[in-house]
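*Asks:* Taken in sequence, the protein lines are chains D and E.
The numbers in full-length UniProt numbering rise by one with no breaks, and the one at position 183 of the first sequence is 183.
The numbers in full-length UniProt numbering rise by one with no breaks, and the one at position 284 of the second sequence is 284.
Wrong hints could be hidden among the right ones.
Which copy is meant is left open, so a pair is good if it fits within one copy or across any two.
[Unchecked claim] Pairs of lysine-lysine residues, derived as DSSO-like cross-links and limited to a Cα-Cα distance of at most 30 Å, are as follows:
| id | residue 1 | residue 2 |
| --- | --- | --- |
| 1 | 209 | 171 |
| 2 | 101 | 158 |
| 3 | 105 | 381 |
| 4 | 158 | 174 |
| 5 | 209 | 89 |
| 6 | 86 | 230 |
| 7 | 89 | 403 |
Derived from the structure by calculation, the hints contain no laboratory data.
As a plain string of letters, each chain reads:
Number of protein chains: 2
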Amino acid sequence: MKAEIITIGDEILIGQIVDTNSQWIGQQLNKIGVSVYQITSIQDDKQHILNAFKEAQERVDIVIITGGLGPTKDDITKKTIAEFFKDDKIIEYPEVVAHIKGLFKKINHPFKEIQRTQAQLPSKATLLMNNYGTAPGMWFFENNTVFVSLPGVPYEMKGLISSEVLPRIQKQFKLPFIIHKTIMTYGAGESTIAERIEDFENSLPSYIKLAYLPSFGKVRLRLSVIGAHKEILENELNNKVEAVYKLIPEIITGLDDDASLEKRIGELLKKNNKTICTAESITGGKIAANLVSVAGSSAYYKGSIVAYAAETKINMLGVLPETIKKHTVVSKEVALEMAKRAKIKLNTNFAIAVTGNAGPTTDITDKSVGVVFIALVTDNKEIVHEFNFGQPREKVINRTVSKSLEILQKEMM
Amino acid sequence: MKAEIITIGDEILIGQIVDTNSQWIGQQLNKIGVSVYQITSIQDDKQHILNAFKEAQERVDIVIITGGLGPTKDDITKKTIAEFFKDDKIIEYPEVVAHIKGLFKKINHPFKEIQRTQAQLPSKATLLMNNYGTAPGMWFFENNTVFVSLPGVPYEMKGLISSEVLPRIQKQFKLPFIIHKTIMTYGAGESTIAERIEDFENSLPSYIKLAYLPSFGKVRLRLSVIGAHKEILENELNNKVEAVYKLIPEIITGLDDDASLEKRIGELLKKNNKTICTAESITGGKIAANLVSVAGSSAYYKGSIVAYAAETKINMLGVLPETIKKHTVVSKEVALEMAKRAKIKLNTNFAIAVTGNAGPTTDITDKSVGVVFIALVTDNKEIVHEFNFGQPREKVINRTVSKSLEILQKEMM
């Protein structure tokens with residue numbers, strides 16, 4: 001079963017926002033066995049919308065549309081949808097009016113007549129009630145194609161997909177299973193890995209796909225299969241994963257089982273009843289923010305000291321001024337001292353510390369731009385690594401964050 | 001002049017990564033007067049690529065393709081491009097071989113024969129040399145359409161767009177000016193604003209577009225115009241902005257002049273020679289990470305204390321245990337004490353502190369999920385705000401971050 005995601009609105013096209021909705025929808029559809037064949041972002045323009053709908057209908061079985069539903073004028077989606085389905089009746093749905101009035105009452109806002117337009121929808125639509133906002137979703141089924149139109153606000157869209165859209169798709173179609181296994185490697189380039197697993201890759205049956213996904217110093221190898229028998233597929237993929245493990249054992253860090261690194265770290269910490277803190281310079285709190293993004297992180301995450309200025313490293317962490325003077329703030333010694341001091345001050349089992357030079361993007365003359373030290377101190381171990389993450393700034397910071405989490409996870413395994 | 005961005009690769013379609021490349025490219029094209037008409041993400045599949053190219057050629061003047069260039073097998077883009085341009089000669093470019101060898105020598109890796117395939121490219125391509133990686137970009141001009149193919153790795157793609165693609169597009173086409181002005185508002189909903197500026201909106205000439213962009217508690221109003229005379233357009237848009245200012249003065253926080261909130265805060269701090277720190281609970285360092293993301297932030301950002309656990313609030317910040325006992329950790333009093341203590345400890349002019357309950361997404365029974373306190377302490381002022389950001393967790397954290405930066409900016413203006 002193939003799907004297309006269509007996002008409507010100039011804000012994506014002019015680069016005002018990133019399209020995170022499509023990523024999330026892609027993940028959810030994959031989980032229930034629907035392949036996303038294409039993602040299309042188009043303008044809030046009637047003819048463009050009609051063309052995109054028509055093309056999508058020829059390509060896929062399910063079309064998920066986000067955006068273009070809201071109370072103001074720039075939203076022409078509804079009328080265009082009605083036209084596309086040759087639905088000449090836009091009617092007012094009283095249950096939507098009641099829902100909007102209820103929402104407004106809750107936050108003590110008066111109901112405005114302009115809101116009523118959100119309850120005026122094509123008569124052929126099956127309404128999907130929106131628990132997190134005013135605009136309902138709409139479901140259409142015509143010529144064996146499902147069209148679903150959803151508001152673009154991320155949490156409203158997510159609520160509707162989870163509670164309404166996925167169950168309806170599962171009811172409507174007989175779906176296969178799609179299984180991905182992603183092997184995470186680091187330390188070797190795409191071409192090196194390709195050489196080492198060449199025979200394996202050539203021997204793969206055509207229904208198993210292998211993809212190389214390089215990013216920030218690591219390469220993920222994704223094996224994908226689609227079929228009707230979940231157990232058989234699982235077994236087969238597991239065998240393939242094992243085969244890869246045997247070929248390149250020393251560069252594999254683990255399986256990317258859909259869970260993020262910070263989530264897996266959280267699970268390991270919780271399971272072992274351990275706590276963690278960070279002492280960050282170059283990353284400015286981003287490692288901490290990643291750890292905290294996991295629900296339930298308060299069980300193991302105590303806090304962090306973001307010591308950006310040298311004086312903060314001294315005053316808040318207690319790094320010795322002599323260490324900084326002797327080795328400079330970007331050094332193995334300072335990283336280690338930051339981790340050790342943070343571990344004591346915050347009274348945790350693990351402490352990660354990072355210091356480095358992210359540099360301005362344009363500063364290509366300073367040789368030390370990109371140099372980063374990552375220290376990990378545990379109850380019985382002290383480790384420091386030196387890296388050169390090159391440039392620009394954004395890349396150096398992001399690689400420092402992901403490398404820190406990687407080192408931490410590896411140590412806990 | 002219209003453009004389409006085509007991204008190739010299953011990783012976007014299955015939701016393994018977010019397509020940030022297209023956002024960035026959209027911004028850059030807009031700046032030089034090119035409108036992005038459509039963004040299309042497709043599979044790494046020959047027929048799909050050929051169809052997408054053909055459709056794009058009918059729609060637009062410039063097609064920017066990212067992804068599908070790399071050393072391994074899953075990259076069929078190159079051959080498909082050659083086929084599309086009826087180019088039956090794939091030749092090896094010696095300058096690319098030399099470039100790859102040079103890169104590998106720099107990092108002390110041996111050159112592998114498999115790398116040579118990256119130097120084998122369609123003979124009709126104009127090569128765009130890649131300073132940050134091995135795979136060059138390619139430029140084609142046929143039937144009045146420009147096709148540019150670029151690697152998908154973000155910093156390689158960015159380097160090529162800036163140094164090669166934009167200058168070539170500017171040389172190839174006579175481009176108009178596209179100007180956007182975005183007015184940032186907060187505290188009023190989309191429909192309220194629409195009612196208040198209805199007459200203004202109806203009086204807009206058809207070549208000026210107005211869009212409402214609601215997100216996390218604020219609505220941005222974007223006015224866009226396209227034309228040949230920059231000054232006239234600028235003047236006209238400025239007049240329209242002024243008119244909006246007069247209609248809804250009390251809810252406007254400023255103009256979104258392309259710079260992020262954290263960038264503008266940085267500029268204000270630098271200009272006034274002031275420093276800042278944060279004391280974060282609920283956001284886990286994310287406010288700090290935002291401040292640090294700006295190049296040059298070391299001039300005004302000293303550090304932060306991420307006090308997630310109550311004991312960290314006491315031990316590291318010096319919040320009084322009695323305050324927590326009396327008011328709980330999620331209270332006006334604790335937020336204020338966090339900010340005051342951080343300001344003293346880190347010796348800054350401004351301190352932002354946040355505490356709240358982000359909750360697990362599913363916890364809908366706990367009434368206090370979503371409650372957040374934000375305190376700002378300056379050299380002569382103490383402010384605390386209470387908010388209810390609802391749920392889920394992700395939204396509560398993100399709204400706390402953006403609201404904190406907003407409060408800070410407003411105070412500094």
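*Asks:* Confirm or reject each hint.
*Replies:* How the hints compare with the structure:
1. 209 - 171: Result: close within a single copy only, 28 Å intra versus 42 Å inter.
2. 101 - 158: within (22 Å within a copy, 47 Å between copies)
3. 105 - 381: Result: close neither inside a copy nor across copies, 57 Å intra and 35 Å inter.
4. 158 - 174: within (23 Å within a copy, 43 Å between copies)
5. 209 - 89: between (47 Å within a copy, 28 Å between copies)
6. 86 - 230: neither (40 Å within a copy, 42 Å between copies)
7. 89 - 403: This pair counts as neither: shortest intra-copy Cα distance 57 Å, inter-copy 42 Å.
Checked against the numbered hints given earlier, this structure breaks hints 3, 6, 7; the rest are met.
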